[in-house]
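> Chain residues, written in single-letter form:
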Amino acid sequence: MKLTRIAWIAFLVIAVTAQAVAAVTFSAGSGFEDRLWLLAFLYLAVGGLAGIGLSRYQFWVGTAFLWWAAIWVAAGTLIGFSAGLLLISLCAALAFWDLARLLQRTFPLAGSQQLLPLEKRHLGFLFMVLAGGFLASLVALMVKIQLNFILALILALVLLLGIGQLVRMLR
Amino acid sequence: MTRSFWLLVSLIFGFSVLGLLYRRSELVAAALPLMVYLLGAIWRIPGQFRLEAERRLSTDKASEGIPLEVRVKVQNQGEMVDEFYLVDRLPPGIEVVEGDLIHIELFPPEGAIELHYRLTGKRGRYTLDGLLATGMDPFGLFRVESLLSPLSTLLIYPVSEDLPSIPIRPPNTKGFSGPIPSRKSGVGMDFFGVRAYQPGDPLRRINWRLTARHLQDLYANEFEQERIADIGLILDARQQYNYQCGARQIFEYSVLACASLASAFLADGHSVSLVMFGAGISRVFPGYGKVQRERILRALANAHTGFNFALESLGNLPARLLAPHGQLVYISTVSPDDIGPLLRFRAQGYEVIVVSPDPLSFELKGEAPFFSLEDRLAERFARLERDLLLRELRSAGILVAVWDVDQPLSSAVDSIRLQLPLRRRVVKVL
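As you go down the protein sequences, you meet chains A and B in turn. Numbers 1 to 171, taken from this note's numbering, label the letters of the first sequence in order. Numbers 1 to 430, taken from this note's numbering, label the letters of the second sequence in order.
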């Protein structure tokens with residue numbers, strides 16, 4: 001499980017750093033420069049707690065961190081933080097949550113070599129999905145697509161999911 | 001669907017609703033990575049399993065504490081499963097000493113997974129049937145479970161202690177030669193008596209010393225026949241006399257004593273039967289040798305305590321279950337209610353041995369030490385009461401072996417040997 005552990009530490013660092021940078025860059029131009037160290041400390045503390053929690057096999061930390069990241073992304077978007085950085089942060093938090101759950105599922109066989117192919121496949125698939133999701137969001141943001149279009153996209157995705165599920169049930 | 005699925009859906013829903021409420025496309029866009037993730041999971045949901053499972057045990061019978069090997073093989077006859085979990089759920093009482101009960105891996109079509117572990121368990125009969133196969137998508141959002149049932153039955157025999165030959169003298173013996181003096185003249189090793197010489201007697205049996213004193217008659221020596229005996233083991237499985245100390249039960253020691261005694265008697269060539277009474281009566285009919293030992297151990301593996309109003313007293317045991325005038329061995333903690341029936345057995349011509357795991361020492365050593373003066377006094381009273389009870393049995397010619405369960409059983413069985421000469425004297429006087 002070494003590969004997974006390295007990956008989840010990396011994603012934690014990315015998520016925390018992206019949020020911190022988004023907050024700091026916003027604060028820097030809004031008259032809160034003297035309190036920047038407080039923000040940096042807050043993010044560092046949250047990231048550290050999440051890391052310690054998972055290293056002690058407290059797997060609920062992954063879910064808590066995803067909620068925390070989602071709330072910050074929502075709040076940050078409304079305040080006016082950089083949307084790109086928040087998106088990176090959300091994707092990294094999603095990956096962190098996913099890997100925490102993978103660690104939890106494979107915990108009974110932690111250290112076993114039989115898990116290596118599964119880990120590699122999982123990480124590969126995760127990178128692919130995250131990259132796809134991030135790019136889709138980025139494209140949606142960069143080309144300034146209208147809200148109605150995004151809603152239509154979501155509806156199309158939901159429809160696809162429904163059809164996929166229906167096909168599976170029929171099979 | 002797992003809880004993680006609902007968490008993800010709620011996040012997607014939350015971002016979308018917030019985006020619509022505040023008319024911010026960034027928030028709706030933030031839901032896209034989550035949706036793609038969900039879509040990826042749905043794309044890889046495992047279909048229905050088509051698995052073939054087989055469980056092989058190195059042996060289906062083992063003694064308590066001796067590990068046995070188990071191999072479980074599962075073959076995938078269906079499609080690829082991204083995360084496949086195989087868990088062998090063992091019944092309580094069995095523990096794994098080596099190997100894993102869980103296997104996790106990618107499970108390709110036509111692939112095979114093998115679990116290999118060693119287990120040991122407490123005395124009893126177990127059915128291993130809980131092989132749980134779980135398939136998941138790569139992100140663990142959807143789960144497909146299937147309970148495979150490669151049935152295997154496992155019988156774990158009680159442990160038994162090697163005992164030396166136990167000296168018994170039942171009134172009746174059987175026709176085959178064995179180790180017990182039968183109180184009848186015939187072919188044997190021990191001198192039995194002298195009688196008038198009869199034509200056909202071998203010349204080496206003539207008692208020349210006695211013949212020299214009688215000029216007209218010849219006298220021949222007689223020897224005591226050595227035969228095997230009918231031995232009936234009675235195991236007390238009544239719940240009300242099964243003392244417990246934490247996880248320990250004195251009944252387990254009674255079972256150990258019963259298994260050890262049965263093995264020792266069968267090794268001597270005797271015919272041994274077993275009667276257990278508690279919730280009901282279970283019986284092993286008389287028999288000889290290794291096959292009978294197997295039968296008795298199998299019955300003891302299934303033995304458990306229970307309560308039955310009809311079997312509250314030993315006296316309610318049907319007499320037809322016991323071989324007449326044979327040797328009875330009663331294995332019990334012994335209650336005051338047992339005195340009457342045991343004396344009755346003695347009066348009916350049975351030889352009786354009582355092997356009693358000592359409940360007092362069992363309780364004293366199992367729990368916190370008794371400190372207070374009242375506790376010590378209570379212990380002394382209980383000890384006196386028990387000594388009086390056993391003395392009453394001994395005075396009726398019943399051999400009593402009190403077994404401190406922390407000591408080897410052989411030490412208790414040796415005490416039978418020490419009681420024997422005194423008993424013989426009593427019989428001669430009568």
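Warning: the hint list may mix true and false statements.
[Stated by the list, open to error] Derived, one-sided and incomplete: chain A residues facing chain B with beta-carbon distance under 8 angstroms:
1) 90
2) 121
3) 141
[Stated by the list, open to error] Okay, the calculated beta carbon distance ranges per label pair:
4) B:9 / A:142: 45 to 51 angstroms
5) B:145 / A:110: 20 to 26 angstroms
6) B:9 / A:75: 54 to 60 angstroms
7) A:165 / B:20: 54 to 60 angstroms
8) A:159 / B:20: 15 to 21 angstroms
9) A:110 / B:122: 28 to 34 angstroms
Treat the hints as calculated values from the structure; they're not laboratory data. Bear in mind the structure is a predicted one, so any value in this text is a computation, not a measurement. Ideal Cβ placement from N, Cα and C applies to all residues, glycine included.
> Going back to the hint list, which numbers does this structure go against?
Violated hints (numbers, rising): 4, 6 and 7; every other hint is consistent with the structure.
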